[in-house]
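Enquirer: Chains as they are written, first to last, in the working numbering: chain A, 4 to 310; chain B, 4 to 310.
Check before you lean on any hint, since a few could be wrong.
Unchecked claim - Quick list of the computed label-pair ranges, beta carbon to beta carbon:
{"hint": "1", "chain 1": "A", "residue 1": "S246", "chain 2": "B", "residue 2": "I291", "range": "33 to 43 angstroms"}
{"hint": "2", "chain 1": "A", "residue 1": "Q136", "chain 2": "B", "residue 2": "T289", "range": "35 to 45 angstroms"}
{"hint": "3", "chain 1": "B", "residue 1": "L121", "chain 2": "A", "residue 2": "E61", "range": "40 to 50 angstroms"}
{"hint": "4", "chain 1": "A", "residue 1": "Q136", "chain 2": "B", "residue 2": "E75", "range": "41 to 51 angstroms"}
{"hint": "5", "chain 1": "B", "residue 1": "L272", "chain 2": "A", "residue 2": "S246", "range": "27 to 37 angstroms"}
{"hint": "6", "chain 1": "A", "residue 1": "G137", "chain 2": "B", "residue 2": "Q185", "range": "33 to 43 angstroms"}
{"hint": "7", "chain 1": "B", "residue 1": "L272", "chain 2": "A", "residue 2": "G216", "range": "26 to 36 angstroms"}
{"hint": "8", "chain 1": "B", "residue 1": "E75", "chain 2": "A", "residue 2": "R138", "range": "53 to 63 angstroms"}
{"hint": "9", "chain 1": "A", "residue 1": "P159", "chain 2": "B", "residue 2": "K280", "range": "23 to 33 angstroms"}
{"hint": "10", "chain 1": "A", "residue 1": "T271", "chain 2": "B", "residue 2": "E75", "range": "35 to 45 angstroms"}
{"hint": "11", "chain 1": "A", "residue 1": "R117", "chain 2": "B", "residue 2": "P169", "range": "56 to 66 angstroms"}
Simulated from the structure, these hints should not be mistaken for laboratory data.
Values in this document were obtained by computation on a predicted structure and should not be read as measured data.
Where a beta carbon is used, it is the ideal one built from N, C-alpha and C, also for glycine.
2 protein chains.
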Amino acid sequence: MKEITVLAPATVANVVCGFDCLGFALENPCDQMTLRLIAEKTVKIKHLDDFNLPLEPEKNIAGVALLAILDEIEENIGFEIEIAKRIKPGSGIGSSSASAVGAVVAANKLLDERFSLLQLAEFAMKGEFVASQGRHADNVAPCLFGGFTLVRSVEPLDIVKLDFPPLFATVIHPQIEVKTSQARKILPTEISLKSAIQAWSNVGALVAALSKGDYELLARSLEDFIVEPVRKKLIPHFDELKSESLKSGALGGGISGSGPSVFMLSETLETAQTIEKSMREIYSNTEIDFNVYVSEINAEGVKVSKT
Amino acid sequence: MKEITVLAPATVANVVCGFDCLGFALENPCDQMTLRLIAEKTVKIKHLDDFNLPLEPEKNIAGVALLAILDEIEENIGFEIEIAKRIKPGSGIGSSSASAVGAVVAANKLLDERFSLLQLAEFAMKGEFVASQGRHADNVAPCLFGGFTLVRSVEPLDIVKLDFPPLFATVIHPQIEVKTSQARKILPTEISLKSAIQAWSNVGALVAALSKGDYELLARSLEDFIVEPVRKKLIPHFDELKSESLKSGALGGGISGSGPSVFMLSETLETAQTIEKSMREIYSNTEIDFNVYVSEINAEGVKVSKT
C-alpha cells in the first residue's frame, strides 16, 4: 500500500499593509497527516486529535479538498487520511488551509505529481471554502508555495512567490475566539484614496524590501492604518504586545489573519526569542491561556516527513 | 570658471496601479542645462528655449531649487544657469522635475557631491513646489535616482530604487492642456476597500515582476480600476491608444502623470517602435498636434554631458 506522511505548516496572512494578499509560512506548528491510496473512489478520514472535526468527507476541509481531486481523475481510486491537527482551528494562523493544503500535496505525491501548484491551490481552496464560506488563497498560497507569497488575484487565481531574506517570526495565540465573520464585519467598506495610496506605497516598498533583503526598509513599510486600528480592539493587549516587541527589536508585525494571533518579524532568532519572552510576560499577567511560537520563515511549505 | 552641462530626463509618474508612488525615467526627451559657479550669492538664469519661463530665480523652478542649495551652504558663491528646455511644460512627463533635478544634480557636482541624493530630492521638491503648489516626489525621484522608483512616503521622504529588467517605453504627448488641478479634482476622495485591495495586490505584484524580470506578471499587474477610468476622459482616443498598443505587443501602460501624455511599456525596442507607429496612426487622423518618444528606461537619471 502506497502511503505518505506530510507536515503542513501554519501560515500568517494579512501581513500588515498587505491585507488580503500577503502571507508567509511558519516552520511550526504543523499539522501531520498520513495519506494512503485505496481501491475505492471515496475519502476515509481519521482524526488523531481532540478537535472533534467532522469525519464525513463532504464536511471536512481536507475531505472536500481530496474529493475535488477525485473529481478530476479517471482511476477508480480514493484516499484514506489520518490527520493529527496541531494547529488549533480558529487560531488565525491558517489551521484550515494547513488541513486542505497538506491533504492535496500528499495526494499529488501519491499521484506522481500530476497536478500543478496552481491546480492544487484550487483544490485546497475548495476545502477552505467549507471553513470560510469564501474563496480565499491568503493562507493556502504560503502553505502550498512556502516562504512569502502574494495573491495578486483570486479570480483568476494568480499567486506570486516572493524572494525574501532570512527572517524569524514570533507568534502569540491568545486562546480567545475571534470569528472571521465578526472581524470582517467591522472593516470599513470605503476608505480614503489618501490612505489607500499610503497602503499601496507600503506594499510596494515591502515587496522591494523583501527582495533586496533591506531590513530597514522592511521595518519602515510594516505599517497599516486601515485594518489594524479597527481590528486590534478584538485582541486584548494588542498595543502592548506590539510596543514591547518593537522595543525588543522586532522589525514590525501585526494581526495574523483575522486574529486572535499576533505576529512579529525579526532579523535574528535571538531577537525573535527575546520577543517571545516579552509576549509571555504580558500574557502571564492575564487570565487568558496562550501559546507562543518562534519559527524561521518556512521556505518550502508542506514537507514530506515519511514515504 | 568651473562649469558643467547635464541632461535631465523626462519621467513617467503614476505608473498604472502605482498611482502617486511609482515612476520611471526616460532616455529622451531631456532638458539640457549648463551651470557655472559665480562669486556672488545669487542665481542668474538664462533660458535657451521659447517657453517664456520666468527668469527671476524665486519664480523659476530650477532657480528655487538652486536657492534652496545656497541656503544650505556657507560660502559666498552662487550659480549661473543656462537652460535649454526640450520637455514641454504641462506635457505630463515631468518637465518641472527635470528643471529642478537637473539644476541640483549639476550644482552638487560643482560642489564636490557634498549632498546626498535624498537631500537633493528635498531641494528639487522645493523647486517642484513652484509648479504644483504641492509636495510631490513622483517625478523628482525617478529623474534623480534613475530607473524605476517608489516613493514610500513623502513626509518623511522615503524613496526606494527598484530593480528592473530591460524595458522600453513609447510615450505620446498630445498637445492639449490637462491642468493637474483639474485632473486632481475629478479623483474620488473615497474608494471601496475592495478596489484598494485589488490595487495594492497589483502594486506588490508589479514590484515583484520588475525585480524578477517576469514580463508576464508585469503585464498582468499593469491594471488600474481607480484613477484611469476617471482620468482617461481627459485624453482624446485614450482607449484606442491602449487597445492598439496592447495588440501591437505592449505589456501595458496608461496615463503618464496627470496626462495628457500616455505611455506604454514593452519588452523590446522593436515592439516599442511598432507601438509608436500605431500611436502615430491614431493621432494622424485627428486635428491634435502630438509628439511620440521611444526610449529605453533610463537607469541613471540625470547625466553629465560636459564638464
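Enquirer: Are the hints correct? Go through all of them and say.
Expert: Comparing the hints with the structure gives:
Checked against the hint of 33 to 43 angstroms, the C-beta distance between S246(A) and I291(B) comes to roughly 57 angstroms, which is inconsistent with it. Between Q136(A) and T289(B) the beta carbons are some 52 angstroms apart, a value that contradicts the proposed interval 35 to 45 angstroms. About 59 angstroms separates the C-beta atoms of L121(B) and E61(A), a value inconsistent with the hinted range of 40 to 50 angstroms. Taking the beta carbon of each, Q136(A) and E75(B) are about 60 angstroms apart, not inside 41 to 51 angstroms as hinted.
Checked against the hint of 27 to 37 angstroms, the pair L272(B) and S246(A) fails, with Cβ atoms roughly 53 angstroms apart. Separated by about 40 angstroms at the C-beta atoms, G137(A) and Q185(B) satisfy the suggested range of 33 to 43 angstroms. For L272(B) and G216(A), the hinted distance range of 26 to 36 angstroms is satisfied, since their beta carbons lie about 32 angstroms from each other. Between E75(B) and R138(A) the CB atoms are about 55 angstroms apart, so this pair conforms to the stated range of 53 to 63 angstroms.
The supplied range of 23 to 33 angstroms is met by P159(A) and K280(B), whose beta-carbon atoms lie about 32 angstroms from each other. The hinted range of 35 to 45 angstroms is satisfied by T271(A) and E75(B), whose Cβ atoms lie roughly 39 angstroms apart. For the hinted restraint 56 to 66 angstroms between R117(A) and P169(B), the CB-CB distance of approximately 36 angstroms leaves it violated.
Hints 1, 2, 3, 4, 5, 11 from the earlier list are contradicted by this structure; the remaining hints agree with it.
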